[in-house]
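Residue numbering for the sequence shown follows my numbering, beginning at 1 and increasing consecutively.
Check each hint, because a few of them may be wrong.
As the list claims (entries may be wrong) - Cβ-Cβ distance ranges computed for the label pairs, FRET-style:
| hint | residue 1 | residue 2 | range |
| --- | --- | --- | --- |
| 1 | Arg-48 | Thr-130 | 42 to 48 Å |
| 2 | Arg-129 | Ala-51 | 38 to 44 Å |
| 3 | Ala-51 | Gln-91 | 40 to 46 Å |
| 4 | Lys-35 | Gly-143 | 36 to 42 Å |
| 5 | Arg-24 | Gln-91 | 33 to 39 Å |
| 6 | Gly-89 | Asn-109 | 18 to 24 Å |
| 7 | Ala-21 | Arg-129 | 31 to 37 Å |
| 8 | Gly-143 | Asn-36 | 32 to 38 Å |
| 9 | Ala-118 | Gly-16 | 37 to 43 Å |
| 10 | Pro-63 | Gln-91 | 19 to 25 Å |
| 11 | Asp-139 | Arg-48 | 45 to 51 Å |
| 12 | Ser-30 | Leu-144 | 40 to 46 Å |
It should be emphasised that the hints constitute simulated quantities derived from the structure, not laboratory data.
Don't be surprised by glycine CBs; every beta carbon is placed ideally from N, CA and C.
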Amino acid sequence: MVGFVTNMIAARTAPGSELFAGDRRLQVASARAHKNRWLVSFHGVDSRDDAEALRGRTLCAEPLSLDEVGGDGQAGDGDVVAFVHELIGRQLIDQHGTDHGPITAVVENPAADLLELADGRLVPLTFYRTHDAASVVCDVPVGLLDDMDEPDR
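Full structure from sequences and hints, please.
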């Protein structure tokens, strides 16, 4: 069983897709959903012992190309595609053009992943609109990022 931190599970588990467990390259043979999890089999992982050796390992993959996710920057449900590595290090700019500082991490959260700023403030990824080489633009609700301007109480 494999847990995923992606919204493109079908593309990541398509037969022939490659995932990496450290230096080990794994090619997907088949995959299917089963009780809120995914059962994935890999070429060359033919025994229970082979599979057990992968237990608890984090699987990684190369970024998908736009051709692999639809070719137009849109995921299957119409969401704009943004990869974590494209967001970290860029400045978060709100809809008014205010720079709120660099994004240092994307934090996994059940409701919505969060963009973490250098000063610790968090912005739900659902407010993301677009990004370029220098910045990430988000429609930030009034008051969400004002907490750093408030005096200590």
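Right, here's what the structure says about each hint:
A beta carbon spacing of about 46 Å between Arg-48 and Thr-130 agrees with the range 42 to 48 Å that was offered as a hint. At about 42 Å, the CB distance of Arg-129 to Ala-51 agrees with the hint of 38 to 44 Å. Separated by about 44 Å at the C-beta atoms, Ala-51 and Gln-91 satisfy the suggested range of 40 to 46 Å. Take Lys-35 and Gly-143: their Cβ atoms lie about 40 Å apart, and the range 36 to 42 Å holds.
In this structure the supplied range 33 to 39 Å holds for Arg-24 paired with Gln-91, their Cβ-Cβ distance being about 37 Å. The supplied range of 18 to 24 Å is met by Gly-89 and Asn-109, whose beta-carbon atoms lie about 20 Å from each other. With their beta carbons about 35 Å apart, Ala-21 and Arg-129 fall inside the hinted range of 31 to 37 Å. The given range of 32 to 38 Å is respected by Gly-143 and Asn-36, whose C-beta atoms sit roughly 35 Å from each other.
Taking the beta carbon of each, Ala-118 and Gly-16 are about 40 Å apart, inside 37 to 43 Å as hinted. Range check, Pro-63 to Gln-91: Cβ separation about 21 Å, and the 19 to 25 Å hint holds. Between Asp-139 and Arg-48, the C-beta spacing of about 49 Å keeps the proposed range 45 to 51 Å intact. In this structure the hint that Ser-30 and Leu-144 lie 40 to 46 Å apart at CB holds, the actual value being about 43 Å.
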